[in-house]
Amino acid sequence: RSNNFFTAIMAERNVIELEQGWLGMKDGVKKLKNILEGSTEDKFVADEYANLYTTIYNMCTQKPPHDYSAQLYEKYREVFNEYISTTVLPALSKKHDEFMLRELVKRWENHKLFVRWLSRFFNYLDRYYIPRHSLPALTEVGLRCFQALVYTEVKRVIKDAALALIERERDGEHVDRHLLKSVLDIFVEIGNGDMSNYEKDFETFLLKETAAFYSRKAAIWIE
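FYI, the numbering for the sequence shown is 24 to 246, going by the working numbering.
These aren't lab readings, by the way, just hints derived from the structure by calculation. Do not take every clue at face value.
[Claimed, not checked] Think about it this way: if two alpha-carbon atoms lie no more than 20 Å apart in a straight line, the pair counts; the simulated PhoX-like pairs of lysine-lysine are:
#, residue 1, residue 2
1, Lys56, Lys135
2, Lys56, Lys98
3, Lys66, Lys54
4, Lys182, Lys118
5, Lys182, Lys204
6, Lys98, Lys49
7, Lys231, Lys182
8, Lys178, Lys117
9, Lys117, Lys182
10, Lys98, Lys54
11, Lys135, Lys54
12, Lys66, Lys49
13, Lys66, Lys135
14, Lys178, Lys129
15, Lys223, Lys178
16, Lys204, Lys129
17, Lys98, Lys53
18, Lys98, Lys135
19, Lys49, Lys118
20, Lys231, Lys178
21, Lys135, Lys53
22, Lys135, Lys178
23, Lys56, Lys129
24, Lys204, Lys223
25, Lys56, Lys66
26, Lys129, Lys182
27, Lys54, Lys129
28, Lys204, Lys178
29, Lys53, Lys66
30, Lys182, Lys223
31, Lys204, Lys135
32, Lys129, Lys118
33, Lys129, Lys117
Please model the complete structure; the sequences and the hints are all you need to start from.
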């Protein structure tokens, strides 16, 4: 159905209205979401990718008032916000402690894949519209959506769960160090390499917990 839809548009060479073009894009977005959610759906083939990219290209290069670059830039952001609100946050809310950390790591990896693929479909915006208007690049927009809607919502819970893992290891338990590293990487990656989120949202609390831990140990040792 999707291929026929795009073929009809290209054959007519008429103006693509925003609603009409977006209807076809939604099929591609839905397929991408299904793949991320573990569906057995086939991966994108070259023709599908070309159709999605070409639709965005055509909608951005039509003469005003049919140049829909600004609207598509917003719709790109809305795709992430909708997916996060309806799928990612509910999935995280069902998990707790170490299981929540595993879910978060999975969701963050999926989100980066989502950003990579969706930004390819919308690539024409990155090449022309975004530089011309000095706007954040598509990758940055996608990552900011996760930061604003997921990270700010769960950072306290992540921090508490990660500190609990560290304390268990200090007490001699075997813990999943790879999981812990993956979680700490999120604190760094969410700031695009800037360490301020890690320092403010995790390291400060880690140092306090470390001091408290050794203070408790010392109290036991000198009894």
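Verification of the supplied hints:
Our distance criterion of 20 Å between C-alpha atoms is met by Lys56 and Lys135, whose separation comes to about 12 Å. Of the supplied pair hints, the one linking Lys56 and Lys98 holds, its CA atoms being roughly 15 Å apart against a limit of 20 Å. A distance of roughly 9 Å separates the Cα atoms of Lys66 and Lys54; the hinted pair therefore holds under the 20 Å criterion. At most 20 Å may separate the alpha-carbon atoms for a hinted pair to count; Lys182 and Lys118 meet this at roughly 15 Å.
Taking the CA atoms of Lys182 and Lys204, the gap is near 13 Å; set against the 20 Å cutoff, the hint holds. For the suggested pair Lys98 and Lys49, the alpha carbons sit about 10 Å apart, so the restraint of at most 20 Å is met. With a C-alpha separation of about 13 Å, the suggested pairing of Lys231 with Lys182 holds against the 20 Å cut-off. A C-alpha spacing of about 16 Å is found between Lys178 and Lys117, which places the hinted pair at or below 20 Å, so the restraint holds.
Restraint check: the Cα-Cα separation between Lys117 and Lys182 comes to about 17 Å, which is no more than 20 Å; the hinted pair holds. For the given pair, Lys98 sits about 17 Å from Lys54 by alpha-carbon distance, which is consistent with the 20 Å threshold. Straight-line distance between C-alpha atoms of Lys135 and Lys54 comes to about 16 Å, which keeps the hinted pair within the 20 Å bound. Of the pairs offered as hints, the one joining Lys66 and Lys49 holds, with about 16 Å between alpha carbons and a cut-off of 20 Å not exceeded.
Taking the CA atoms of Lys66 and Lys135, the gap is about 17 Å. The hint holds against a cut of 20 Å. Proposed proximity of Lys178 and Lys129 is supported: the alpha carbons are some 16 Å apart, at most 20 Å. The suggested pairing of Lys223 with Lys178 holds, with an alpha-carbon distance near 11 Å, which does not exceed 20 Å. Between Lys204 and Lys129 the alpha-carbon distance is near 13 Å, which keeps this suggested pair within the 20 Å criterion.
Distance check on the hinted pair: Lys98 and Lys53 sit about 14 Å apart at the alpha-carbon level, within 20 Å; holds. A C-alpha spacing of about 18 Å is found between Lys98 and Lys135, which places the hinted pair at or below 20 Å, so the restraint holds. Proposed proximity of Lys49 and Lys118 is contradicted: the alpha carbons are some 29 Å apart, above 20 Å. For the proposed pair Lys231 and Lys178, the alpha carbon gap of about 17 Å is at most 20 Å, so the pair holds.
Restraint check: the Cα-Cα separation between Lys135 and Lys53 comes to about 17 Å, which is no more than 20 Å; the hinted pair holds. Restraint check for Lys135 and Lys178: satisfied, since their Cα atoms lie roughly 18 Å apart, inside the 20 Å limit. For the suggested pair Lys56 and Lys129, the alpha carbons sit about 14 Å apart, so the restraint of at most 20 Å is met. With a CA separation close to 17 Å, the supplied pair Lys204 and Lys223 stays within the 20 Å bound.
Our distance criterion of 20 Å between C-alpha atoms is met by Lys56 and Lys66, whose separation comes to about 11 Å. For the hint linking Lys129 to Lys182, the alpha-carbon distance of about 17 Å falls within 20 Å, and the restraint holds. At roughly 19 Å between alpha-carbon atoms, Lys54 and Lys129 fall within 20 Å of each other, so this suggested pair holds. A C-alpha spacing of about 15 Å is found between Lys204 and Lys178, which places the hinted pair at or below 20 Å, so the restraint holds.
Distance hint between Lys53 and Lys66 is fulfilled; the C-alpha atoms sit about 12 Å from each other, no more than 20 Å. Distance hint between Lys182 and Lys223 is fulfilled; the C-alpha atoms sit about 11 Å from each other, no more than 20 Å. About 17 Å separates the Cα atoms of Lys204 and Lys135, which keeps this hinted pair within 20 Å; it holds. Between Lys129 and Lys118, the direct Cα distance comes to roughly 12 Å. Compliance with the 20 Å bound is thereby established for this hinted pair.
Note on Lys129 and Lys117: the hinted pairing holds, with a Cα-Cα distance of about 14 Å set against a maximum of 20 Å.
In this structure, only the earlier hint numbered 19 is contradicted, and the remaining ones agree with it.
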